[in-house]
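Those protein sequences? They're chains Y and B, same order as listed. Going by our numbering, the first residue of the first sequence is number 1, and it counts up by one from there. Going by our numbering, the first residue of the second sequence is number 1, and it counts up by one from there.
For the record, the hints were derived by calculation from the structure and aren't laboratory data. Only a predicted model underlies this, so the values are computations on that prediction, with no experimental measurement involved.
EDC-like cross-link-like pairs, simulated, lysine to aspartate or glutamate; straight-line CA separation at most 20 angstroms:
1. Y:Lys17 to B:Glu34
2. Y:Lys37 to Y:Glu209
3. Y:Lys17 to Y:Asp6
4. B:Lys190 to Y:Glu116
5. B:Lys190 to B:Asp176
6. Y:Lys59 to Y:Glu70
7. B:Lys90 to B:Glu111
8. Y:Lys127 to B:Glu248
9. B:Lys90 to Y:Asp51
10. B:Lys190 to Y:Glu110
11. Y:Lys59 to Y:Glu33
12. Y:Lys17 to B:Asp64
13. Y:Lys50 to B:Glu115
14. B:Lys90 to Y:Asp6
15. Y:Lys59 to Y:Glu96
16. B:Lys160 to Y:Glu110
17. Y:Lys203 to Y:Glu178
18. Y:Lys102 to Y:Glu178
19. Y:Lys50 to Y:Asp154
20. Y:Lys17 to B:Glu72
21. Y:Lys37 to Y:Glu206
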Amino acid sequence: MIGIIDYGMGNLFSVSKALERIGIPYVISDSPETLNKTKGVILPGVGAFKDAMARLREKELDQFIYQYVESGRPLLGICLGMQLLFEESEENGLFEGLGLLKGRVVRIPERTADGERLKVPHMGWNKLHFHQEAPVLQGIKDGYVYFVHSYYVDGMDTSSLLASADYGVTVPAVVGHENVSGMQFHPEKSSATGMQLLTNFAKAMERSEDIL
Amino acid sequence: MMTKRIIPCLDVKEGRVVKGIQFVELRDAGDPVELARVYDQQGADELVFLDISASVEGRKTMVDVVQAVASELAIPFTVGGGINALDDMKRILRAGADKVSLNTAAVNNPELINEGAAFFGTQCIVIAIDAKYDPEIGTWRVYTHGGRTPTERTVIDWAKEAVERGAGEILLTSMDEDGSKKGFDIALTKAVGEAVSVPVIASGGAGNAQHFLDVFTEAQADAALAASIFHYKETGVGEVKQFLRNAEVNVR
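Could you put together the complete structure from these sequences and hints?
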């Protein structure tokens, strides 16, 4: 069973439908007690960083996430959910994140280093470049995935960077450190590649048997 | 870098897909869920569902269709037509659509763009513009109500205003080319693309794969939309993409 953290900031429908398609049972909840019975959790998210952190704290889901990660079970942040895993964000101010991974969320520049104009949001299908092998990337060949975002993670540890996309800047796309992982794009909207990534995440939950 | 997107458009009327040739003559071309599945398999990058009669007859887009499509599709899709208020956006997005597209309602009440963007984020708000060249003013004029009603607005100014208010994407239909199959409107697409900082989807006039290449290379469109040539199997999404790939255009 996967838990989808419901803090009022995501398209939970798409994520849950994608899990149904690949045959993974899930529970959508904002209750730490319910979520704690799962073998892995997904932190989705669409919207502003500041609001998302405020809602997580309001429902004490930030504390739940720390304990969950501490227990060794896998956590996957998607889109804004991935950005929340990092230390801080410059979206409409400077706001503290969960700090599970090192790095800062900054706005995608409007021009490349060569002065070429970049459209923001970074919206559409972009190619993944793989930096290192990881279980979550198993079997991924055609690496096109669907992105929709205006901010990206800067200054992260290269040891946690599993895959990136090129959009004038290097956009961290798949990140992972031990049992904490994140995807900047939307696997649930990324056709067969996205389904494979979610299947791989579900496989990582098998190790949670010993923890529960 | 980013790939160019190919977007089949399904015009929906009473739960069935139809295509308006120059917005008037309609032909039945099937079940939306069935077509969505086929397009996903063919490699479509996104889908757009438009309730073409909604603005005229006040018909609401069917939430059931959206829900059925969302259960089936693993690619993003946009729904337009009959969206006149924030509540309509909520209904459609909660049924599983990724974006809503606003046309007449946004022209009549531009504040709706701000409301939608504030609530859902700019990435969910697509502004659809029906454009027709007006030789008297020497630029393109915005039309509403499915292309029936001319407005006082020019396309470039309206596109800029829409983006300032929070539009995350512009779906630009050339009424001059729509249904002609003679190619996308290069001048229009280029002009809007240069005026705004968000992605522009070119629409109207696709007749063959070369037309897609032209609009991507000459007008720098971010995406291109077509309906009848895909629905009536004159060409497939896969064939268009292969053609683009051979011409060294970056596609998925």
